[in-house]
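Participant: For the record, the sequence lines run as chains B and F. The first sequence begins at 513 in this note's numbering and counts up by one. The second sequence begins at 56 in this note's numbering and counts up by one.
A couple of the hints might just be wrong.
What the hints assert, rightly or not - Derived lysine to aspartate or glutamate pairs resembling DMTMM-like cross-links, with alpha carbons at most 20 Å apart:
hint : chain 1 : residue 1 : chain 2 : residue 2
1    : B       : K620      : F       : D113
2    : F       : K207      : F       : E116
3    : F       : K80       : B       : D627
4    : F       : K257      : F       : D245
5    : B       : K562      : F       : E116
6    : F       : K207      : B       : D627
As the list claims (entries may be wrong) - Quick partial rundown of chain F residues pointing at chain B, CB under 8 Å, derived from the structure:
hint : residue
7    : S68
8    : P73
9    : V76
10   : G79
11   : M82
12   : A107
13   : M137
14   : T138
15   : I219
16   : H223
17   : H226
18   : F228
19   : F276
Everything labelled a hint here was simulated from the structure, so no lab data went into it. Built from N, CA and C at the ideal position, the CB exists for glycine as well.
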Amino acid sequence: MENITTAANAHHEPEFSTKPIWRTFWVLLGITMVELILATIHLKTEFPPKYVLNGIYLILTCAKAFYIIAEFMHLRHEIKNMIMTMAIPALLFVWFAIAFLWDGNSFKELRNRYDSHHYEQSKTPAPKPAEEGHEPAAKKPGSAE
Amino acid sequence: MSQVIPAGQKWWSGGKSPFNVEYGKLMMWYFLMSDAFTFGAFLISYGSIRFATNGWPDPNEVFRAFPLMGDTHLPLVFVSLMTFILIMSSVTMVLAVAAGHQNDRKKVTFYMILTIIGGLMFLGCQAWEWTHLHGEGAWWGRNPFVNADGSKASTNFTNFFFTITGFHGFHVFSGVLINIIMLIKNLRGDFARRGHYLMIEKAGLYWHFVDLVWVFVFTCFYLL
């Protein structure tokens with residue numbers, strides 16, 4: 513029975529076996545576990561510096577995204593032209609993200625340099641417990657951030 | 056683009072689909088791309104605001120609770136569970152698509168039910184997390200958490216968190232609805248009569264996209 517089905521569809525979708533699905537599942541689970549283990553090590557020991565860790569997270573996240581798109585969504589088995597119509601617009605994100613984060617960072621540095629009041633405010637410890645109850649709503653318009 | 060056609064195949068000379076996929080499936084891909092740009096714009100605006108701010112709350116202090124565990128400090132545990140549930144339901148979805156390729160209606164039903172259960176579990180987890188945070192005083196326009204360095208945090212943190220996870224949760228919700236419709240159509244035998252399960256594949260694309268977005272939300276809000 514199984515053989516007949518496979519033979520009948522052989523020319524059409526030979527690539528849709530369940531083996532790569534489970535392999536992809538283990539890859540995704542493994543990457544997530546690595547991320548969590550690294551985060552836990554960082555919490556306990558402060559060992560990998562935060563900016564190194566963020567770079568690692570970014571790479572691992574992109575790896576996970578690649579596996580989901582390529583295997584689960586089956587994109588790598590499509591025609592190259594179609595892959596390109598997705599991949600090229602998606603690559604705009606690289607520029608998009610870098611440009612906006614850079615701009616945000618530059619805004620922060622300029623403001624810290626020229627608005628010392630703002631800088632001191634943002635370094636002042638927050639008032640502690642007493643206000644918890646009514647504070648948030650009351651403070652919102654004044655903080656204007 | 057037309058230079059990169061596979062050797063021997065005249066994809067663009069008419070008579071066949073140049074991308075060799077069904078029209079609806081191609082349009083689902085382009086819809087998902089536009090949706091990716093929406094999510095990307097959300098996440099990048101979150102990122103640029105975070106880069107423009109001196110202090111930011113430590114996610115390990117904010118997201119540290121687990122149901123029924125009281126005040127125990129358990130960072131990352133609950134969100135790992137949510138991630139696992141969503142990856143698992145993505146696997147059952149792709150197994151349903153594979154079963155559809157084998158025209159195995161019973162198996163499609165089985166895996167679609169598992170996928171729907173996974174989606175509902177994820178939504179339940181998110182509902183619990185939102186309720187918990189709301190109980191701590193967090194909501195749009197209200198932020199009870201202080202920055203990692205102890206200074207007062209702005210409401211940007213909670214605004215972005217609730218907007219983006221809410222938008223993602225709404226996608227999960229509509230994905231579950233789509234999956235339920237597909238399950239009903241499969242039970243009625245619509246796809247068996249049609250002779251193919253392409254609709255399951257299109258619903259599957261949407262469902263995997265939801266998982267894909269979660270991968271980025273997970274990194275941006277809970278890890279970084």
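Participant: For every hint, state whether the structure bears it out.
Facilitator: Status of the hints after comparison with the structure:
1. K620(B) to D113(F): With a Cα-Cα distance of about 19 Å, the restraint between K620(B) and D113(F) holds, given a limit of 20 Å.
2. K207(F) to E116(F): holds (15 Å)
3. K80(F) to D627(B): The given pair, whose Cα atoms are some 53 Å apart, is violated under the 20 Å limit.
4. K257(F) to D245(F): holds (15 Å)
5. K562(B) to E116(F): Given pair K562(B), E116(F) holds - Cα atoms ~16 Å apart, limit 20 Å.
6. K207(F) to D627(B): holds (18 Å)
7. S68: Given a least distance of 14 Å, the restraint on S68(F) is violated.
8. P73: Result: holds, 7 Å to nearest chain B Cβ.
9. V76: holds (6 Å)
10. G79: G79(F) check fails; min Cβ-Cβ to chain B is 14 Å, beyond 8 Å.
11. M82: violated (12 Å)
12. A107: holds (4 Å)
13. M137: violated (11 Å)
14. T138: Nearest chain B Cβ about 6 Å off; hint holds.
15. I219: This interface hint is violated because 15 Å lies over the 8 Å limit.
16. H223: At 15 Å from the nearest chain B Cβ, H223(F) fails the 8 Å test, so the hint is violated.
17. H226: This hint is violated: H226(F) lies away from chain B, its Cβ roughly 15 Å from the closest one there, beyond 8 Å.
18. F228: Nearest chain B Cβ about 20 Å off; hint violated.
19. F276: violated (12 Å)
Violation of the numbered hints given earlier is confined to hints 3, 7, 10, 11, 13, 15, 16, 17, 18 and 19; the remaining hints are satisfied by the structure.
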